[in-house]
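> Between the sequences and the hints, there should be enough to build the whole structure, so can you do that?
Top line first, the protein sequences correspond to chains W and C. No gaps in the numbering here: position 408 of the first sequence is 408 in our numbering, and each next residue is one more. Quick note, our numbering runs 1000 ahead of the 1-based positions in the second sequence.
If you are wondering where the hints come from, they were derived from the structure by calculation, not from laboratory data. In this text, all values refer to a predicted model and were calculated from it rather than measured experimentally. Watch out, some of these pointers could steer you wrong.
[Stated by the list, open to error] Facing chain C, according to a computed beta carbon distance under 10 Å, are these residues of chain W, among others:
no. : residue
1   : Leu165
2   : Met263
3   : Arg340
4   : Glu341
5   : Val344
6   : Arg348
7   : Pro553
[What the hints assert, rightly or not] Below, a list of computed lysine to any residue pairs in the SDA-like style, where the Cα atoms sit at most 25 Å apart:
no. : chain 1 : residue 1 : chain 2 : residue 2
8   : C       : Lys1043   : W       : Thr27
9   : C       : Lys1043   : W       : Lys185
10  : C       : Lys1003   : W       : Asn133
11  : C       : Lys1040   : W       : Trp140
12  : W       : Lys498    : W       : Val108
13  : W       : Lys218    : C       : Leu1064
14  : C       : Lys1040   : W       : Pro136
15  : C       : Lys1049   : W       : Asn133
16  : W       : Lys218    : C       : Lys1024
17  : C       : Lys1028   : C       : Ile1048
18  : W       : Lys131    : C       : Leu1051
19  : C       : Lys1003   : W       : Val38
20  : C       : Lys1043   : W       : Thr301
21  : C       : Lys1049   : W       : Val108
22  : C       : Lys1049   : W       : Leu152
23  : C       : Lys1043   : W       : Lys223
24  : C       : Lys1043   : W       : Phe34
25  : C       : Lys1066   : W       : Asn75
26  : C       : Lys1024   : W       : Phe34
27  : C       : Lys1040   : W       : Asn198
28  : W       : Lys141    : C       : Ala1039
29  : C       : Lys1049   : W       : Pro136
30  : W       : Lys185    : W       : Ile130
31  : W       : Lys157    : C       : Ala1047
32  : C       : Lys1043   : W       : Ile151
33  : C       : Lys1049   : W       : Phe34
34  : C       : Lys1049   : W       : Gly163
35  : W       : Lys141    : C       : Arg1070
36  : C       : Lys1066   : W       : Gly76
37  : C       : Lys1040   : W       : Val38
38  : W       : Lys141    : C       : Leu1042
39  : W       : Lys223    : C       : Leu1042
40  : C       : Lys1043   : W       : Ile64
Just so it is clear, CB atoms sit at the ideal spot from N, CA and C, and this is done for glycine as well.
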Amino acid sequence: MSAADLHIEGAKSGAIEVARNRVMVPTFLFVLGFGALVIRLISIGMFEDMSDKSYFAHSASTEIVRERGDILDRNGVVMATNLSAPSLAARPRLIGNPAETADKIVAVLPELNRTRVLNQLKSSKHFLYIKRNLSPAQVWKINALGEPGLILEEAEKRIYPQGHLASHVLGYVDVDNNPQAGVEKFFNDHLANPERSNEPLYLSLDTRVQHIVRQELKFAMDKFSALGAAGIVMDVRSGEILAMTSLPDFDGNGSLDPGAPEMKNRNILEPYEMGSGLKTFTIAMALDSGAVKLSDGFDATAPLKVGRRTIHDDHPKKRILNVPEIFTFSSNIGSSLIIREVGVENQRNYLQRFGMFDKPAIELTGLAQPILPERWGEIQSMTVSYGHGIAVTPLQLVTGISAIVNGGRLIPATLIRKSKDRDGAARSDDYQSDDYPAFSRDDSYQQVISPETSRKMRHLMRLAVEYGSGGNARVGGYRVGGKTGTAEKVKNGAYSRKDKITSFVGVFPMDNPQYVIFAMLDEPRGTEETFYRETGGWIAAPVVGEIIRRIGPLLGVMPVDDVATEYQNLILVENGE
Amino acid sequence: MIKVVAGFFVLMVMISAATVYSLKETTKRLEARKLELAAKILKDRNAIKVLRAEMAYLSQPDRLQKLSDRFLALVPSHSDQMVASVNSVAGRDEVRLVSLPVDAFPLLLPQEKPVFQKRRFDRKMHLAAAPAAPVVKAEKVVKAEKAETKVKKASFYERISTKLGGE
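Written out as structure tokens, the structure reads:
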């Protein structure tokens, strides 16, 4: 056949035309359909809103939110934290075999009574709690039982990993995580704020120092059968409290009785008559006001009769004593005579400036008012000069002593870590200076005594340890200064000869004071080792000495060679001193 | 020509539509993965919190001290072991540090004989929950050295005398 045969003509060509048109229609429809699909695809991709499960909108949070924030020590050691501690509950109606389930539960939680659990599981209630606050390991085991009738209900528990350590500073929370005392209560606004849940509260405490103070105090308390003890370590340059212990203490994790004696923080809650420790303030105000010079002599040959009372010396020298000797040998007669020179009004002004008339300033709740004489006559002024008739809390004494040695600036005590900025001045990132007096600027601290008086007092305190009653606080390599205090306790309205409060407030190193260490024992009983004496020099001074021996190297305080103390020549040392 | 151009554009539109679609699917998958990871991070953070609490519990100073007393031959550092200045370790009042400019090795140049002063805190009452580090007595070492040299001298004298006696 030739090619011409393929050519279609005439009527046949019309049929092909029809066929072509018929193909065009579905093609057009297909294009239309696919076009619509493409347009829809583009519109979905570009313009359509995301569905309800819009992933961009709530990007998943990776922050844990807890009911209460953590409390850390100055080095970041956890002191209090909230952990998830689910409660075990049951739906008894869903439990097929109560006896078997009870066996399994008791195997995981051995402290539960099997009979009781069995009765609970057999009961007709819809829902009941079996145990609160499971540990993570227990939660895992309960889940592994695979029992549908058991439910783990989400709950949180406040944990104090350090146990007894610093329990008085931290305070505690009740079953519903409401703060009841201590830092927990004072900083509740911060700790209970969910938005600041991941901002831990850094305390100024140092767990290691706290441990050492607590251990030494506990050792001494057991050794001298004392009722209680208290101790503070404070940084004199910033007012930070490195350790604050009150014994007996409690464990915040256990069940607590708010009225029990161990719940009381002796450092802030109870004013004590401090005895000779107050002589430090008497001498400081006498020197600062210019009423008395260091070389002035005062007649301490015989007990001093004022009105109907007689003032005795505990270690009578029976001669004329100068000011360093009065301080070093802790002469009551001498300090009474000195305060007579200073005057009652002056004494009151100075004591007020040292903060002895107000509550102690610190971030804790339940602070005690000091007990002051009802009227300030000459005799009251004299007893106050050697620490009787006035009762202040240990914290006030420590704050005052640190003002005496640090150059005369009264820096309020604080429990919050201060960060040092480039100039070395302390400041806090977290808190406004208006809220907390301790965070005011460096130059705004009140100058209570002159730097020159402060320098003299440092030497006097050094002498009291070198030659005076505080000799047991000496530590090789460190220049320790301090003042002992012994006061008889008031029992049934009269001073008891037997029951005493012995204390020692030490400062080290004396040439550049860094830390004030305070130790106090309540009603100690002398032992053979102390020759049955219960004075601050024999009971409390060795405790402070041991604390300094242990924390000195820890805090990086460099030991120095012995340097002669000033005013040494003013002291006539007798045998046995 | 127009057909080619139109075809090209249709193709481009289809490709870009497919790209947008697949991009969106990928994003969805990534978002799902992100959610998964966030849940995991949260779980890990919870675990870290528990572990930190447990670490604080296990490293209670009281417990560490007991364990250290039992298993380690270490004692707390003593102030005698800290050196504030070269003089205090040399036992001499005057010590000069010399070093040549080329090297960085300072040498101690003694100016006098060492005198180790006796510490005057020995008669102190000791009251401590934790025992102090034993203080290394430097004087004893010095005395022992002196004793040794005496022995050596004596033997030398003896040797001479025996030699003389022998002749």
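> Is C/Lys1040 close enough to W/Asn198, meaning Cα to Cα at most 25 Å?
Measuring from Cα to Cα gives roughly 18 Å; hence the hint holds.
> Please work out if W/Lys131 and C/Leu1051 have their alpha carbons no farther apart than 25 Å.
Holds, at about 23 Å.
> Holds or violated: are the alpha carbons of C/Lys1003 and W/Val38 at most 25 Å from each other?
Measuring from Cα to Cα gives roughly 19 Å; hence the hint holds.
> Hold the hint about W/Leu165 up to the distance rule: shortest CB distance to chain C must be less than 10 Å.
Holds, about 7 Å.
> Please work out if C/Lys1043 and W/Ile64 have their alpha carbons no farther apart than 25 Å.
holds, 9 Å
> Taken at face value, is the distance from the CA of W/Val108 to the CA of C/Lys1049 at most 25 Å?
holds, 23 Å
> Given the hint that C/Lys1040 pairs with W/Pro136, does the C-alpha gap stay at or below 25 Å?
Holds, because 17 Å separates the two Cα atoms, which is no more than 25 Å.
> Measure nothing beyond the straight line between the CA atoms of C/Lys1040 and W/Val38; if it is 25 Å or shorter, mark the hint as holding.
violated, 39 Å
> Are the Cα atoms of C/Lys1043 and W/Phe34 separated by 25 Å or less?
violated, 48 Å
> Starting from W/Lys498, check that the Cα of W/Val108 is at most 25 Å away, please.
violated, 54 Å
> Hint check: W/Lys218 vs C/Lys1024, CA-CA at most 25 Å. Holds or violated?
violated, 68 Å
> Starting from W/Lys218, check that the Cα of C/Leu1064 is at most 25 Å away, please.
holds, 17 Å
In summary, the numbered hints that this structure violates are 2, 3, 4, 5, 6, 8, 9, 10, 12, 16, 17, 20, 23, 24, 30, 33, 35, 37 and 39.
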